[in-house]
Amino acid sequence: MKYAALQAAKLLLLAVLAVLLWGILHADPQQADFSVLREQAEQAMDTTGMRQADAQLLRRLYGLNGGELAGWALWTSEDNMAVEELLLAECVSEAQAEQVREALEARRSTQIQNFEGYGPEQVRLLEDSIVEVRGVYVLFVVSEQAREVKDAFLSVLYPGPAGTGNQ
Amino acid sequence: MVFSSIVFIFTFLPVVILACYLAPVKLRNFVLLLASLVFYAWGEPVYLFLMLYSILFNYVMGLDIAAKQEKGRTGRGSLALGVAVNLILLGFFKYYGFLAQNLLQLFSIRLPEVTVGLPIGLSFYTFQSISYLADVYRGKAGGQRSLISFGLYISMFPQLVAGPIVQYADIDAQLRKRFTSWELFGEGTRYFVGGLAKKVLLANNLGAVFEAVSGLSSLSVLSAWVGALAYAFQIYFDFSGYSDMAIGLGKMFGFAFKENFHFPYCARSITEFWRRWHISLGSWFREYVYIPMGGNRVGVLKHIRNLLVVWTLTGLWHGASWNFVVWGFYYGVLLIGEKYILRKAAGRIPVLGTACTLLLVLIGWVFFFSPSLGAAVEYLSVMAGLGSVPLTDDAGMYYLLSSLALFAISWLCCVPQPFRLMDRLWKREGGKTGLYLFYLALFVLCTAYLIHDTYNPFLYFRF
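Here the protein sequences line up with chains D and P, keeping their order. Numbering-wise, the numbering used here puts 170 at position 126 of the first sequence, and it's gapless, one number per residue. Numbering-wise, the numbering used here puts 1020 at position 196 of the second sequence, and it's gapless, one number per residue.
Excised from the complex, chain D in its bound form (with noise of 0.2 Å):
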């Protein structure tokens, strides 16, 4: 190979690469059918003494109208002392889900504050629970199994070979 050709073949190599890692770095979420996140997430959870919440439930916990968004589902503790929550959401656009997000993140510190001092493994759970927002779709788990729900809910939205990266 001649050096001119060689040198632009490094550059046309280096802007591939530089394309793949922009590309999987900004990777939109696929169009998923909700009731396959839910079922995914659902089974990703040990749902043993939870049960399924209505939205009267979702607006006083959250603050949020189920009837304005476009699915939502939410797991509740049947034990007041228990903090296991699992609310999935998908939201008419993203500014909606980041308005969701807000509710959580605000749900999630409540939750701390009413356990802090008293309630150790309550705020340890509360702690690592996970808020993730992918597009129009949002999870909330304060669970033991919070990073398999995750993993779940990512692996519907970008079904890939192998999951999630954290490997």
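Keep in mind that the hints were calculated from the coordinates and are not lab data. Everything numeric in this text was worked out from a predicted model, so none of it was measured. Note that the Cβ used here is the ideal one computed from N, Cα and C, for glycine as well. Keep in mind that a hint or two might mislead.
Here are some of the chain D residues that sit facing chain P, going by a computed Cβ distance under 10 Å [unchecked claim]:
no., residue
1, TYR47
2, LEU50
3, ALA53
4, LYS54
5, LEU61
6, VAL80
7, GLN84
8, LEU105
9, VAL136
Using the hints, position chain P against chain D.
Chain P only, in chain D's frame:
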């Protein structure tokens, strides 16, 4: 695709052997390259693109370094760029998640989430690529002009997914011309079947013991030791079995890969252990990191720094987790202790040396198999009997007694004497027939296991 699978042994391998031996000598590299790409794509077709990119990029960079040196320049800039791109790829696909997680936890800095998995074999072929660029730069090998030969070096299926890591200078000549014979093919088959038996008959069964102990709701001192011992044997037979299969496959196609394990559990010191365990990785770090940093030809402080850097990196190479970092650092500290404090004592009483080494290696494996640092410390405290841990329990006794025969056979396969005996028999005319029958029986047994057993993991795949 894994070597210890029915589809590999009874379909892929026979087809490739046939195609390779029927093809004209000039086309054999091409046939092997094609087979290697199919082998890789079988499991993860998406990451085939990444590997093809790596092949093309390093091919161009190797030629670029050689071209610059022909023009009287050093080519150092091209080497630096080539190494940097390889490390970026490795870092991005292997360590990005780890970095993002730690930045978030320590400094509340949120990086974009990366939703890709770790491409199989990436750690191995990245190190081979760096070896190629460094060897061309140092003049130990010429820039490979044939894209097919270079592609084969990076992607060669026998050592693609779990090593051994082949340094380019060691294989350069074999890529151009190599020798095949029925004797070599037979020796390769022997290696392959031996490795398969280590993996299927020993590692898988030891893995089942380890899994069973790990699944216990509470551990006694005894059960913790049984679990750690089972894992120590499992990882050795798993990885050395895979390496033996890789070496055997290489021989079948005319390649001579260097030995990757040499009875590591017989080592009389940690230094000796690492000369016997994953030899190709140790050689790579020595050649491309330790010696360029000055090796041991520097002052004491710099030498200690060099050792700690190399061993922390060795740990990190095994996985993106603090466990592996601590595991590597642990060996760095042990080696420094051996070199500067126990220099004369190490190896003086062989049996004691081997026992101490085994104990320290066993402690190291706890960091390796534990899901977190906290879990490792907890497991070690159970092994040490700290707190109110019972010395024995029914489960511990059950797993010890039911695994005694397996442990005894495993230990026999960890020492050189049985293998020396087989080597002597192999060289004897009458002994060969007996060995053929022995290996045939092993092969039939492995096949039966593979058909009936669903538990067939490969520990080193994730690295």
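Structure-based check of each hint:
1. The criterion of a C-beta within 10 Å of any C-beta in chain P is met by D/TYR47, whose closest approach is roughly 5 Å, and the hint holds.
2. Evaluation of the D/LEU50 hint against chain P yields a held restraint, the C-beta minimum of about 5 Å falling below 10 Å.
3. Interface hint status for D/ALA53: upheld, as the beta-carbon distance to the closest one in chain P is roughly 5 Å, under 10 Å.
4. Using the Cβ-Cβ criterion of 10 Å, the hint placing D/LYS54 at the interface with chain P is satisfied: the shortest such distance is roughly 6 Å.
5. The beta carbon of D/LEU61 comes within 6 Å of a beta carbon in chain P, closer than 10 Å, and the hint placing it at the interface holds.
6. The beta carbon of D/VAL80 comes no nearer than 16 Å to any beta carbon in chain P, farther than 10 Å, and the hint placing it at the interface is violated.
7. The interface hint given for D/GLN84 is violated, since its Cβ lies 14 Å from the closest Cβ of chain P, which is over the 10 Å cut-off.
8. For D/LEU105, the interface hint is violated, since its Cβ never comes within 10 Å of a Cβ in chain P; the closest pair sits about 25 Å apart.
9. Checking D/VAL136 against chain P by beta carbon gives a least distance of about 23 Å; that is not within 10 Å, so the hint is violated.
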